[in-house]
Amino acid sequence: MKDKLQAVRGMNDLLTDQLPWWQLVERSACTLFADYGYQELRVPLVERTELFKRSIGEHTDIVEKEMYSFEDRGGDSLSLRPEATAGLVRAAIEHGLLHNQKQRLWTSGPMFRHERPQQGRYRQFHQIDCEAFGYEGPDVDVEVIQISARLWRMLGITDVRLRVNSLGTPESRRQYRALLVAYFERHRAALDADSLRRLESNPMRILDSKNPAMQEAIAGAPALADHLDPDSRAHFERFCDLLGAGGIPYEVDPRLVRGLDYYTRTVFEWTTTALGTQDAVCSGGRYDGLVAQLGGDPTPAIGWALGIERIVGLMQAAGKAADATVPAVYLVLSGDRAERAGLAIAERLRDALPGAGCLANMGGGSLKSQMKRADKSGAQLALIIGDDEIARGSAAVRKLRGDASQQDCPLHELPERIAALLGRKLNSRSDDGR
RNA sequence: GCGGGCGUAGCUCAGCUGGUAGAGCCCCGGAUUGUGAUUCCGGCCGUCGCGGGUUCGAAUCCCGUCGCUCGCCCCA
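Anchor point for the first sequence: position 306 equals 385 in the numbering used here, and the numbering is continuous, going up by one each time.
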């Protein structure tokens, strides 16, 4: 094992056996967003470091110690994106997408954070992102959550619950924060080391401390809900009402805060107990100030991100199967002339039956070993062509599943015969079907 | 950044209190002529993570190191 080239820590290869789940998630998301009228947008993996400092917050853990930042050859400080929203907002402003118009968008791809890897947390991880720009009412808050809820249904995920909260406006939050700091200052003795640190950096995070010894002090702290500004309170009440009307079960969690500075008003998080300590599966919220903060016209916005690794983990933990795609036909080619004819025969089958899958044997091998490969491939049918068959212009079609019957078939009738055996329709077009 | 657990064939693992490695799977070949999944036979596969120490002798003990993993933190 020595001197072996290894992947970078926390950046995982996705081997073929994992891909069926990933493809299921990605395909589902793609049709899901289309059904809600959300359009896909793609932005670079690398942005100016400044963008993330200004959006996520300079004093957040993400920016302070988790970003992959570097200087490029021109001397600019760039960073691999630790999340998608900042880049999306930047792109929307830059291309005038928010000028007198609303946008409902989604994107997906890898994100990067230099954290200690553990279950459900990796240095390169993958998110699907949903964002709605220009809608200020709580109706769209509910819509984006509906999208996530439908995705769980599509994927058969049940072990998740929704928690919601409101952070109010930056002004009301600033006032509340001062109260909170004052309270915890008075109870300094009850705080653990982490919370003392948070008291300086992000006091609201003390509220979601997992330390049991802290719970009493936290319970006595002023609640954010009691200090919301009237508009935010009305927004939140309407939001909860609409959520209920939309039939989405939720619970209000006054301790739900977010790690990114840009959130305002509605925040929410889907959590699970099935994935160990990394329990957030999908989370998001409103960020009404961010667009203006990054230089765009003032534009209300809301969005969420989900972690694909965690979604896949949930499906696997629940025992959901995701079947690998399997070719319908395995082409056994025995002998020189058969090998020579085989490539063209395979192409004709693919023309006639696009999507069915025709796996041609490559690299020779005895008939026996080719039959073994045919069986292993999972194919329904083995199409056996040897020099004898070539000589008489036919092929042997053998069923590999169920009754192992075998029949001879003239080469020119192969597409029809195979289509019939597979219960598929022939491609009517004469080209390659694209 | 801080703790715990673990590192033996491609994979899953066995190897008790030290005597220089084993199984299953996979892969390849064979068991009558050109036909798979079962069965049988054979073959392939390791500097026991790496470095050092103790010892006549270490995969087995000790130290260090790297890696993986789980938790803290953070968060999707």
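There could be a bad hint or two in this list.
[To be verified] No more than 30 angstroms apart at the CA atoms, straight line, and that leaves these computed lysine-lysine pairs for BS3-like:
#	residue 1	residue 2
1	Lys144	Lys181
2	Lys478	Lys447
3	Lys132	Lys181
4	Lys144	Lys132
No lab work stands behind these hints: they were computed from the structure.
Check the structure against each numbered hint from earlier and tell me which ones fail, lowest number first.
Hint 1 alone not satisfied by this model.
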